[in-house]
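With the hints as extra help, turn the sequences into a complete structure.
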Amino acid sequence: MRKLGVILLLLAIAATLGEVFGLALPTVQWFFQTSRDVGFLHAWSFPWFGWFCVAVLLILGLLALFNEKLHGPVSPATRRRVQRFKGIKRGYYSLLVLLFLVGLAGLDQIIVGNRALAVNYKGEWFFPAFSRETFTASRFGESGEMARSAVDFRALQASLKKSGEGRVIMPLIPFASTGDTLPPRSRSLEERDGRHYGSNNTERGYSGLASRLYDVPTAEQQIRYRFRDGLPDGPAQGWDRDGTAVYRASYSKGQLLSDNFTGAGSKEDFLASVATKELRQVFYHPAPPLPAQGSWLGTTSQGYDVLAYLFGGLQVNIKAAIIFIPIVYLIGVSIGLLMGFFGGTFDIVVQRLIEIFSNVPFLFIVIIISSSVPEAYKGLPVILGILVAFGWMGMTYLMRTAALKEKSREYIASARVIGASTPRILFRHILPNTMAIVVTILPFSVEGLISSLTALDYLGFGLPPRDATWGRLLNDGLSNLSAPWLVTSTFLVLVSVLVLITFVGEAVREAFDPKKFTFYR
Amino acid sequence: MRSLAPWICCLLAGALALTGCGRGPAAASVDNSGALKEFIPLYNEHVRQWIVTQHAAITTRLAELDAKLADAAPEARAALDSERAALVREDEKWVFRKALGNFLDYADPASIPADLTWEDGMQEPEIGDPRALKGGVFRTIPMVSFPPTMRPFGPNSNHGYRSQFYDEINLSMVGMHPATGKVIPGLAKRWAVSSDGRTVFFEIDPDATYSDGVPITAEDFLMYIYIRVSDFVSAPFEKEYIRDQFAKFTVLGDRHLAVTLPEAKPLTPYFASVSPAPPHFYKEYGPDFAERYQWRFPPTTGAYIVRDEDIVKGVSITQTRVENWWARDKKFYRHRFNVNKIVSRVVRDEAKGFELFRAGEIDATILTRPENWHEKSEIPPVFDGYIERHMFYTRYPRIPYGLYLNVSKGLLADRNVRLGISHAMNFRRVIELVHRGDYARLSQFSAGYGEFTDPNITARPFSVKQARDYFALAGFTEQGPDGILRRADGTRLSISVTYNAQPIFDRIMAILQEESRKAGFELRLDNLESTVSYRKVMQKQHEMTFTAWGVGPPFPDYHQFLHSSNARDERGNLKPQTNNIFSYSNPEMDALVERVRSARDTAEVKDASWKVQEIIDDEAIFVPGFSMDFVRVGSWRWVRWPDSETTRFCPPIISDPFEVHVHWIDPAIEEQTRAAMRKGETFPEVMAIHDDYREGSTPESNE
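Top line first, the protein sequences correspond to chains G and E. Residue 7 is where the first sequence starts when you use the numbering used here, and the numbers rise one by one after that. Residue 91 is where the second sequence starts when you use the numbering used here, and the numbers rise one by one after that.
To be clear, the hints were calculated from the coordinates, so they are not data collected in a lab. Don't take every hint at face value.
To be verified - Which residues of chain E face chain G? A partial, calculated answer using Cβ under 7 Å:
#1 V554
#2 T567
#3 Q569
#4 A600
#5 I601
#6 E619
To be verified - A short list of chain E residues far from chain G (calculated; beta carbon distances all over 12 Å):
#7 E330
#8 R345
#9 P356
The beta carbon of each residue, even a glycine, is placed where N, CA and C say it ideally should be.
Here it is in C-alpha cells:
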C-alpha cells in the first residue's frame with residue numbers, strides 16, 4: 007500500500023514538473039497531452055483535465071501512503087491472503103513479470119522511439135525525446151528545402167558519425183511503433199566460386215532478384231539483376247539517383263548479352279557510380295528479421311518495425327486496462343450492490359434491463375458504431391466506451407449475489423439498527439467483505455479485455471491504423487503467411503501475456519479461497 | 091392405455107407443413123409473345139412527350155438567356171455567348187428528334203437511300219493466331235464470390251462477372267478492333283452512315299443466328315429495347331441511356347436496321363451499335379421478370395453459352411462453346427474463342443486462388459501485382475518451365491488512381507493549397523515501397539487514350555520546397571510546434587482523406603501521410619469500410635478521397651465527372667449521388683465538357699479533351715497516383731498465346747489478355763508437360779516481355 011502511494015505521488019510530481027518545464031516525460035505526459043488534444047478537455051489553452059488528473063493522483067497517493075494511519079493496520083485476514091499469494095511462486099513471479107512489463111511500457115520513448123534521447127551538436131546538448139516541440143532540421147545545420155521539416159534522427163546519427171561534428175544517442179530500439187515506415191531491408195549475398203548464395207537457393211545457387219545499392223540504409227537501387235542458380239540470368243534494370251529508369255541489360259547464365267544506357271553521361275560512369283561490387287538481396291515489407299540492420303523481429307507489411315510495434319501494442323493494452331477496469335468495476339460493482347441490497351422492484355427492473363441489453367448483438371453494434379464515428383473521434387475512447395457499455399453487466403450478477411448473502415447477516419442488521427445510512431452500509435460494511443470476489447475476477451477481466459480488443463482490431467473494427475495493436479498485426483500476419491515472423495511473434499507475445507495473467511488470476515483465487523485446500527470434483 | 095394424441099399431433103403438424111410445399115407461381119408458364127407489338131405505340135408516345143418537355147425547357151432557357159444577354163456587361167458576354175451556343179445546339183437536337191416521329195418504327199426496305207457508301211471493315215488486320223487449336227477445358231481465374239444473378243440486366247446484374255459472361259462474348263452489330271481501334275463487323279455484314287452523319291444503316295449478316303440456331307431478324311433489336319425499358323424491370327441506367335443516346339430505331343424488313351443518333355458522333359457506327367434479344371426466350375417476360383429469369387442464360391450471339399446444369403450455385407459456372415457458332419469461320423473471330431469449356435470456380439481467398447494455380451488446378455492467373463510477380467511466382471514450377479510468365483504492355487486507358495479533391499470544402503477552395511498538396515504527395519515513394527518500382531507515376535486524369543491524351547501534361551513531382559512555397563502563398567507561413575504549418579489566425583494545414591479501408595490503401599496512405607509532414611502538411615486518414623466510404627463520397631462529404639473510376643476506350647468521358655450540373659443543384663446545394671466528386675463547377679469547363687460529349691468528329695474530341703485536361707491540371711483538382719502500363723500473366727505451359735504477324739501475344743487495347751479469347755489449349759503439350767512433371771524433366775524458364783505497344787516512360791515535370 008505504501009509503495010503504491012509513493013509511486014502515485016512520484017507520478018503526480020513528475021507530471022507537474024513535465025508541465026511546468028515544458029518537457030515530455032514518458033507516460034506522465036499523457037495527461038496533459040490528451041488535455042490539449044481533445045477539444046472539451048481544455049479551456050482556452052488551460053489544460054484543466056491534466057491538472058485534474060494530477061490532483062486525483064496526489065489524493066490517491068496520499069490516501070494510500072497514510073492508509074495505515076487513517077484506517078488502522080491491515081487486517082490479519084488480508085495479510086494472510088497476501089502471504090498466501092506470495093507463497094504461490096508461479097502466480098507471484100507472473101505478477102512480478104507483468105509489473106515489469108508495465109514498467110517497461112511506462113518507459114515509453116526512452117526505450118522505443120525514433121526521437122533521439124540526446125544529441126550533441128557542435129558542443130551543444132539537446133534532448134529531443136523529452137521535448138514537446140518537433141525539432142526542425144535547421145537546428146542541426148540543414149539549410150536546404152528540408153530546413154523546416156522534422157529531423158530524421160537516424161539519418162542524422164549516420165551523417166554526424168561521418169562528419170564528426172557531434173553524436174546522437176538513440177533509444178534502445180530506434181524505431182517508432184507507428185508512423186515510421188522504414189525503407190526496404192537488404193542482405194548481402196555470399197559469393198563462392200563465382201556463384202552467389204542467398205536465402206532462396208536452389209542446389210546450385212541463389213534464384214531470385216538481387217541489386218547493387220547506392221545507399222544501403224535507404225535501399226536506393228542502382229541495378230537490379232535476376233539470378234538463376236547463382237548467376238545473373240535474364241533481364242536487368244538500372245536507375246539513376248533520381249529514380250528514372252536509364253539502363254537495361256540482358257544476361258544468360260552469367261554472361262552479359264546486351265546492354266543499353268539511355269541516361270545522361272556515359273554508361274561507364276553510370277556503372278562506376280557505385281564503388282562496391284556487392285550484391286544485395288532486397289527485402290520489401292514485410293521484411294524478415296535481419297539483426298545486422300537492427301531489425302530483430304522483422305517489419306510489418308506497412309514497414310513498421312515489429313518489435314517497436316509489439317511494444318506499442320503492449321502500451322495500448324495496458325492503457326486500455328487501466329482505464330477500462332476502474333470504470334467497469336465502478337459501475338458494475340455499484341449497481342450490483344444496489345440491486346442486491348435493495349431487492350424488490352428495483353432489483354427486478356434493473357435485472358430485466360440488464361437482460362435486454364445483454365441480448366443486443368455486440369459485434370453488430372461495434373461494426374455500426376465504428377463505421378459511423380466521424381474521423382476526428384476515432385480511437386481508444388470510442389472502443390472502450392463500447393466495451394464498457396457491454397462489459398459492466400457481467401459484474402452485477404456476482405455483486406448482487408454477494409450483497410444478497412451479506413444483507414442477511416447480523417452485522418448489517420445491527421448497522422441498520424444504529425442508524426447507518428445506505429451508502430455507509432454498502433461501501434463501509436458490505437463492499438470490504440465482497441472484495442474477495444472483485445479481486446479474484448480482476449485478472450480475468452483484464453484477460454477478457456485484451457482478447458476483445460485484439461479480436462476487434464483483427465476484424466478491423468477496433469483502433470485506427472495510427473495506433474499499434476496486436477490484433478491488427480495478427481491480421482497482417484495471417485494474410486501474409488509467407489512472412490511467418492509476423493504471426494509467430496504476435497502469437498507468442500499475446501499468449502505469454504494472457505498466460506501470465508491467468509497464472510496471477512489463479513494464484514489470487516487460491517489465495518482468497520477460505521479453505522486451505524480446494525478439491526475439484 | 092395407448093395415447094393417440096401424439097399421433098394426431100404428428101398428422102396435424104405434417105399436414106400443416108406440407109401445405110406450404112406447393113409449386114410456386116414461377117413454375118406456371120406464360121406466353122407474352124404479343125406484348126412487343128402492344129408496347130411499341132405506348133413507348134413511342136412516352137418518348138414523344140418527353141422530347142416535348144425537354145424541348146420546352148430548352149426553349150425557355152434560351153429565351154431567359156437572350157434576355158440576360160440583352161442587358162449584360164461586355165465582360166459577362168463571352169461566358170453567356172458560349173452558354174448560348176451550347177443551348178442552340180441542344181435546341182437543334184430536340185427539333186431534329188421531334189421531326190423524326192416514332193422512336194421505334196417500321197419502314198419499307200426500299201426506303202434505304204441508294205447512294206450510301208457501305209463499309210464492311212474487312213481491311214482491318216486479323217486478330218489472333220491461325221495455329222490456334224479448338225478444344226480443351228480452360229479453368230480460368232476464380233471468382234471471389236458467386237454472381238447474384240445470371241441475368242444480363244435488371245437488379246444486381248451490374249456485378250463484376252457480367253463482362254465474363256456477356257460483354258466479352260456477345261456480338262452486337264459492330265465491334266471495335268482491339269489493335270487498331272477501328273470498327274469491325276459483328277452481327278452486321280456491312281453498314282453505312284447517312285449523309286447527315288446521324289443515321290447508321292446496318293445489314294444483318296444472313297448467317298447470323300442465336301446459339302440455338304434461330305436466325306436473327308431486325309425486329310429482335312426492338313425486343314432488346316422493350317425488355318429493358320418497360321416497367322416490368324428496374325433498370326434505370328439502361329432506360330435513360332436508350333432514351334437519351336438514341337433518336338430512332340427503324341426496322342427495315344428482316345435484314346436491315348437503321349439506328350439514328352441525336353447528333354453526329356465520331357465512330358458513329360460504334361456508338362450506334364445495338365444487340366438483339368431472342369423473342370422466343372423472353373416469351374415469359376412480365377412483371378416477375380427479375381425472379382423468373384434469375385438463373386436463365388439467354389441464347390447468345392457469341393461463342394459461349396451457359397447451360398442450366400453448368401450453374402452450380404455458390405460453386406462454379408461453366409461456359410460451353412457453341413458447336414456451330416455462326417461466326418466460327420468469319421474474319422476477326424475464327425482464331426478466337428478457342429477452348430471448348432471455360433470453368434470459373436468460386437474461391438473467396440485470393441491467396442488460396444494462387445495456391446490452386448500453383449498446384450495446376452487453375453490454368454492461368456494474373457500476376458500484375460509486384461509481390462505476385464517478384465516473389466510469389468519465383469517458384470520451382472516457374473524455374474522448371476512448367477509455368478510460363480508473360481508481361482504485356484497495353485494501350486488501354488489508364489485507371490485514374492489518385493487523390494480527388496473536393497473543392498467545396500474549406501481549405502481546398504484555395505488553388506494554392508491544392509497546388510501545394512500536389513507537390514506534397516510523394517507517390518514516387520509509394521511506387522518504390524509498395525509497388526517495388528514496377529508501376530509508373532500516372533501523368534494525368536485521362537492517360538492512355540492515345541491521341542486524345544495531351545502528352546505535355548505530367549504529374550507534379552514531390553517537392554518540399556514547392557509545396558511550402560504554395561502553402562505560404564495561401565497564408566500558411568508559421569510552423570507550429572508539431573511541425574505542421576498554420577496561418578496567423580491559427581488555422582492548421584490539416585485535411586482529411588477518405589478511402590476504402592483495404593490493407594493496401596492503408597499502406598499507401600500511411601506513406602503519403604508520413605512524407606507530407608516534411609512539407610508541413612497534415613494528412614488525416616479517414617479509412618472507412620468500402621460501402622460507408624462510397625456513400626460518404628457520393629454525399630460529397632469528403633475533403634479528399636483516394637479512389638479511381640473504371641474507364642474504357644475509345645474516348646475520355648468528362649460530363650459525369652466535371653459538369654456543373656453534377657456538382658450543385660439549382661438551389662446551390664451540393665448534389666449527391668453524382669460522379670462529380672470534385673464538386674467542380676466552371677462555365678468554361680461546362681462548355682468544353684459538352685463539346686467532348688457531342689463532338690462530331692475525332693478532331694473535335696481531341697481538341698476539347700486536351701483543353702479539359704489542361705484545366706484539370708491547372709486547377710490541381712486531381713493529384714495523379716500510379717498507373718499500370720502493363721498486365722502480367724502466369725499460365726501453365728499448355729496454354730498457348732498467339733505469335734502471328736498481326737498478333738504477338740495479345741492485341742493492345744485490352745485491360746486483361748483473357749478478355750479477347752485469343753489463347754488456346756494444346757493437348758499435346760499438356761500431355762508432354764504432365765509426363766515431364768512425373769519424370770522430373772524440365773524445360774527452359776519462360777519469362778517473356780512483350781513491349782511492342784509500350785509508350786515512352788513519362789518523366790515527372792519540374793514546373
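Now the hints, each set against the structure:
1. Against a cut-off of 7 Å between C-beta atoms, the interface hint on V554(E) holds, since the closest Cβ of chain G lies about 5 Å away.
2. The interface hint given for T567(E) is broken, as the beta carbon of that residue sits about 11 Å from the closest beta carbon of chain G, more than 7 Å.
3. Restraint check, Q569(E) versus chain G: the minimum CB separation of about 6 Å is within 7 Å; hint holds.
4. Restraint check, A600(E) versus chain G: the minimum CB separation of about 6 Å is within 7 Å; hint holds.
5. Interface hint at I601(E): satisfied, since its Cβ lies 5 Å from the closest Cβ of chain G, which is below the 7 Å cut-off.
6. This hint holds: E619(E) has a C-beta 5 Å from the nearest C-beta of chain G, less than the 7 Å allowed.
7. For E330(E), the non-interface assignment is confirmed: its Cβ lies about 31 Å from the closest Cβ of chain G, beyond the 12 Å cut-off.
8. Listed as a non-interface residue, R345(E) keeps its Cβ farther than 12 Å from every Cβ of chain G; the least gap is roughly 54 Å.
9. Taking the minimum C-beta to C-beta distance to chain G, about 35 Å, the non-interface status of P356(E) holds against the 12 Å cut.
Of the numbered hints stated above, the single one contradicted by the structure is hint 2.
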